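All chains should be modelled from the sequences, with the hints used to inform the complete structure.
Chains as they are written, first to last, in the working numbering: chain A, 96 to 801; chain B, 96 to 801.
You may find that some hints are simply not true.
It does not matter which identical chain is used: a pair holds within one copy or between any two.
As the list claims (entries may be wrong) - Straight line, CA to CA, 25 Å or less: simulated BS3-like cross-link-like pairs of lysine-lysine:
1) K419 x K368
2) K734 x K657
3) K784 x K329
4) K674 x K368
5) K734 x K674
Simulated from the structure, these hints should not be mistaken for laboratory data. Just so you know, these numbers come straight off a predicted model, no measurement behind them.
2 protein chains.
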Amino acid sequence: MRRLLPVLAVILSVFFAGPAKAETGHDLWLRYRPIETQHRASYAVSQWVMPAASPMLAAARGELQRGLAGMLGAAPPQVQAVSADGALVVGLAASPLLAPLALPAPGREGYVIRAARLNGHAVTVIAGGDEAGVLYGVFAYLRQVQARQPVADTLSAPRNQLRLLNHWDNLDGTVERGYAGASIWNWPVLPEHVPRLIAGYARANASIGINGTVLNNVNAQAAILTPAYIEKAKAVADALRPWNIRVYLSVRWSAPIEIGGLTSADPLDPAVKRWWADKAAEIYRAIPDFGGFLVKANSEGQPGPQDYRRSHADGANMIADVLKPHGGIVMWRAFVYADDPARDRAGAAYREFVPLDGQFRDNVVLQVKNGPLDFQPREPFSPLLAAMPKTPLMLELQITKEYLGQKTHLVYLGAQFSEVLQTDTFAHGPGSTIARIVDGSLDGHRISGIAGVANIGNDADWSGSIFNQADWYAFGRLAWDPGLSPRAVAAEWAAQTFTADPAFTGPVTEMMMLSREAVVHYMTPLGLHHIMAHGHHMGPAPWDAIGPREDWKAVYYHRATKDGIGWDRKASGFTAQYKPPLAERFADVATTPEDYLLWFHRLAWDHRMPSGRTLWEQMVARYRQGVDEVAAMQAGWAKMRGFVDAERFAQVSDYLAIQHREAIWWRDACLAYFAQFSGQPFPKDYAPKYPLAVYQAMPAYASPPP
Amino acid sequence: MRRLLPVLAVILSVFFAGPAKAETGHDLWLRYRPIETQHRASYAVSQWVMPAASPMLAAARGELQRGLAGMLGAAPPQVQAVSADGALVVGLAASPLLAPLALPAPGREGYVIRAARLNGHAVTVIAGGDEAGVLYGVFAYLRQVQARQPVADTLSAPRNQLRLLNHWDNLDGTVERGYAGASIWNWPVLPEHVPRLIAGYARANASIGINGTVLNNVNAQAAILTPAYIEKAKAVADALRPWNIRVYLSVRWSAPIEIGGLTSADPLDPAVKRWWADKAAEIYRAIPDFGGFLVKANSEGQPGPQDYRRSHADGANMIADVLKPHGGIVMWRAFVYADDPARDRAGAAYREFVPLDGQFRDNVVLQVKNGPLDFQPREPFSPLLAAMPKTPLMLELQITKEYLGQKTHLVYLGAQFSEVLQTDTFAHGPGSTIARIVDGSLDGHRISGIAGVANIGNDADWSGSIFNQADWYAFGRLAWDPGLSPRAVAAEWAAQTFTADPAFTGPVTEMMMLSREAVVHYMTPLGLHHIMAHGHHMGPAPWDAIGPREDWKAVYYHRATKDGIGWDRKASGFTAQYKPPLAERFADVATTPEDYLLWFHRLAWDHRMPSGRTLWEQMVARYRQGVDEVAAMQAGWAKMRGFVDAERFAQVSDYLAIQHREAIWWRDACLAYFAQFSGQPFPKDYAPKYPLAVYQAMPAYASPPP
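Put into structure tokens, the structure is as follows:
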């Protein structure tokens with residue numbers, strides 16, 4: 096012991112010498128902090144057995160080692176065969192090690208965790224249906240331990256085959272609609288250098304079941320398909336592969352012209368198809384498990400097959416044909432509204448795509464945003480989702496909060512994602528949830544999937560704020576199992592990210608669930624939509640009436656005049672795009688939920704609400720409620736100080752203060768604007784602080800003082 | 096001891112549990128790692144005395160505590176009065192504690208470090224001429240210890256009063272010419288939240304003597320002057336103030352129109368002046384020590400006083416007048432070339448500004464780029480620097496490597512900065528160095544200063560690469576003392592950043608010094624300039640001939656035809672802008688250094704060089720030499736593996752591999768292009784790998800495979 100003392104002294108001096116480790120949030124929910132004394136017995140591991148003969152199994156084993164070492168103080172001994180009770184045994188379900196247990200078959204990417212006996216000892220088994228299943232089983236086990244959940248008998252396999260992030264990352268390092276710094280891909284240093292962030296990104300995604308990533312912006316640059324960039328994508332793919340993540344690319348329809356030297360991008364031109372076939376072959380030589388292409392065509396100015404009087408199906412099928420021999424797929428975005436804005440942009444995608452149902456190749460999947468418009472705080476679901484039974488439909492959700500407060504607002508999107516997934520479309524009668532459409536079970540599709548527009552950048556905390564991490568987390572968990580309760584997902588995230596103490600996770604989960612309603616209230620209550628500032632979409636601008644297109648203006652959507660507000664979307668033909676009974680329900684004011692009221696109806700300002708208030712009074716009340724809810728979130732968080740390190744606690748507190756200031760801005764700016772038309776006074780105890788002109792004159796990204 | 100064991104065990108388990116700390120480079124040169132055993136005695140501190148009754152002194156004391164704790168294992172006891180030999184005593188030179196020592200006066204921002212006796216004990220004293228001097232003295236002491244230099248008798252004060260970083264950061268979080276991620280200011284979270292990066296930034300700057308920062312891009316947005324952004328700037332200023340760093344802002348000339356509601360920005364319009372006076376008063380209410388404004392006017396499309404037929408002096412003086420009562424200054428940029436490109440852009444600033452010498456208020460300083468063009472790898476100095484004796488001139492250097500390989504190339508700019516500063520302009524005969532012009536000593540100016548365009552972003556390593564940090568470091572050190580040897584600065588940076596072992600610092604310093612010559616050789620040898628790709632300036636494009644202005648095209652600068660290459664700048668009138676004997680020297684091929692040959696002269700391809708080679712042969716040789724020099728840097732770095740942690744070693748190795756690939760790209764693309772005109776063959780052992788068309792077709796930021 097005496098001889099050890101100087102050694103210990105040196106170790107301790109090193110340990111205490113540096114500044115305390117800054118809690119930047121960089122470790123996400125994979126913190127693996129030591130288990131509290133009272134919980135140690137529940138998670139004790141005497142030894143572990145885990146053969147790893149492949150890069151993916153080695154990745155899983157490394158993660159388990161890291162997790163056990165962190166949480167147990169030191170990793171227990173790794174042994175070749177079980178020789179003690181309390182062992183952890185990990186491997187393929189069909190391996191010689193585990194086959195004798197005759198576990199239920201976990202299936203593709205699935206895993207089983209359960210108690211068993213091996214070599215006469217009581218053990219815990221993590222068995223994967225395949226290598227990916229082992230990886231996901233390890234992460235599930237670590238999640239259970241970190242969240243201080245019982246290490247339960249678990250059998251789990253993903254409901255969706257494709258669980259993808261879409262990065263709207265440009266080749267110059269900027270991120271469209273990104274609020275977390277610059278692109279993590281760091282193109283200039285690839286392929287020679289694989290940035291360290293990529294390994295962390297891969298682990299985080301694997302921990303929540305994400306198995307694919309589209310590296311570049313859907314507003315794609317042709318250059319991504321040049322040899323230099325294929326080399327870079329290959330370097331990323333090589334780094335992600337051990338974590339069961341495939342790489343996909345967004346492609347620009349006119350690439351054959353821009354970088355191929357052709358004069359046309361007509362999908363029926365054999366030279367064009369040959370160019371794409373050669374390009375696909377080139378990519379698959381570099382990346383044998385390349386996933387496929389994501390295409391934004393004839394949408395918001397992007398080129399597409401319609402430039403050559405061909406349909407979206409013509410375009411998608413041509414690309415599908417060249418990818419087919421390699422096993423690749425085409426994800427073709429249905430976010431189009433190129434037709435006449437006078438016809439109601441909300442219905443444009445339906446009009447365009449429904450007639451094409453049944454015309455797509457079997458390796459085409461349509462990627463459809465959850466709402467008919469564009470990632471608003473709350474939208475009715477896109478009727479297209481219920482109207483193309485012969486076509487696999489991927490859901491596109493937005494994890495980055497373009498319209499929901501961007502970097503700073505605490506808005507837990509798990510609640511929104513789950514609401515969307517559990518929505519019944521009545522496509523084939525009751526029970527036709529969006530979850531069942533996108534997982535392929537409703538119509539028996541071979542391809543299923545969900546894509547989320549990533550909120551990831553090179554900020555130390557990855558997502559721009561600690562709580563934005565929860566949206567990434569919830570996306571992955573719900574893509575794996577859309578049936579999970581968003582509240583449970585919030586709780587397990589909070590437990591892993593901060594502390595599993597129920598005195599913390601309880602109130603914080605409530606705060607997260609409330610946050611989603613709060614943002615709807617202070618931004619767009621009663622079915623209002625797209626009244627955000629022009630272009631950057633940060634802050635209120637119901638007065639916005641600039642720009643080249645009618646349907647890029649706020650006034651196009653709310654239509655407020657002295658006569659009323661809202662859009663009669665029965666008259667526009669939009670409600671008829673829904674299946675019965677929704678078409679009728681949304682067409683009738685009396686049966687339309689308040690949440691969608693002004694989305695579907697144009698109403699007088701003195702329209703009487705079920706609450707007894709006039710429409711105007713209800714609008715004022717909801718905006719005020721939203722601000723009050725943010726104040727409640729602030730008060731709730733203030734009580735959590737004792738549970739959270741100072742740096743992360745302060746970030747959340749400060750951002751909530753920003754959210755409160757900006758919620759007031761939203762409330763006051765919108766009500767000052769709509770008051771011009773309402774013909775009714777403000778309540779006695781409320782008025783916007785400034786005249787409307789002050790709000791209208793604010794520069795981008797800035798509110799007036801509250 | 097026994098009772099301590101469990102405690103130690105817990106501590107050790109925590110310590111060993113986490114993953115090894117990633118060496119991201121985030122600690123910059125302020126690492127404070129434990130001193131090696133053999134050096135401990137030299138730097139032993141028995142106790143320390145440091146009163147700190149102000150935020151700035153508290154910042155200095157905190158840094159000393161951090162440094163001593165890190166390097167000595169634990170900080171020695173802090174005491175009220177010296178009671179032992181080997182004490183460290185820190186304070187104001189004029190304080191009761193130190194005044195009895197009758198130290199030489201350190202002056203404003205200056206400090207003294209020396210051995211002394213206090214209370215009968217041998218002590219080391221750090222005495223500041225003012226609080227900033229204490230801060231800088233502490234950092235100087237820590238630098239000496241970290242670099243394992245003797246803690247020498249030092250008396251130091253800055254040669255330049257203004258030592259500023261210019262951030263070309265936009266309000267949307269992007270950084271113009273930034274290659275290190277997004278802006279560290281993080282505008283959306285201010286003022287409620289001061290991002291943690293700002294404290295690290297402040298410490299790093301203070302450690303090298305930087306005392307001011309211009310927060311936003313010289314291509315300024317008017318919004319920076321709105322109340323919301325002034326509040327944000329105040330939050331930054333409050334965070335930087337304890338580190339002796341003042342905040343400045345770039346302003347947009349037309350702000351009175353854009354955000355002030357005026358119809359004019361005419362500097363002679365009393366309403367305009369009143370608007371600026373009110374705005375200045377508003378800023379100084381929020382930031383009492385606000386530094387002043389940086390103005391880019393009538394330059395590259397920016398508005399300015401010439402829009403109203405007023406001169407730059409009219410504009411600068413109006414702003415100066417409104418800042419004067421508050422003690423603020425105007426930094427007016429001389430980077431203008433608005434007149435006819437046919438007249439040689441290189442001479443434009445001189446033509447515009449020299450006639451205004453003597454017309455500026457005494458709180459105006461002109462900010463002049465080092466070269467007449469724009470931050471090329473090597474340029475002759477701007478003749479304007481020697482031609483305005485009645486006007487204080489600030490030097491503008493570029494730390495971010497817009498034209499020098501951007502993120503990845505290892506190019507040590509300390510060598511370039513020092514070359515500029517030591518250049519003799521002959522403004523008042525021999526010895527009229529640029530250092531003496533900008534420090535005010537040559538012409539007796541009250542204001543002196545140097546500005547550097549920052550290379551800082553939110554990348555974990557701050558500057559996009561570990562070695563880019565050296566450029567930030569060298570800028571600060573040379574701004575403090577332009578007489579420092581760039582080699583010595585490189586060595587002290589390398590010692591602090593990696594290890595002070597001379598077996599490392601020796602070869603690495605040589606590599607850094609070589610790197611600056613290498614980039615000139617592989618990009619723009621023989622005085623070539625501005626043959627970079629259009630717009631983004633990454634990679635070679637001597638063929639570039641697109642764009643709205645002649646002087647934005649590469650062909651405007653090199654003028655290569657079959658008859659020859661280069662620009663006869665005697666004929667253009669440019670050489671006459673230099674003072675004798677330089678005007679004559681640069682006008683004559685025989686006396687023009689090879690470094691500037693094609694800058695000043697148009698020569699036939701078979702022009703005979705002093706080496707005996709033709710011009711073409713010399714060009715080929717220089718390009719090849721540049722590639723060889725990068726290969727030598729790679730080989731040199733490969734031998735340093737044992738001295739550097741794996742992560743930083745790999746980053747440097749990988750980036751050198753990129754630099755080598757891109758140096759080959761530069762060599763081959765440029766020579767393939769110029770070969771069209773040279774009429775001479777390539778040497779037997781060399782040819783570009785690809786036809787010229789391949790290089791011309793490369794997408795942005797990408798080279799063909801080497």
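Hint-by-hint comparison with the structure:
no. : hint        : verdict
1   : K419 x K368 : within (13 Å within a copy, 69 Å between copies)
2   : K734 x K657 : neither (45 Å within a copy, 78 Å between copies)
3   : K784 x K329 : between (55 Å within a copy, 23 Å between copies)
4   : K674 x K368 : neither (38 Å within a copy, 65 Å between copies)
5   : K734 x K674 : neither (47 Å within a copy, 71 Å between copies)
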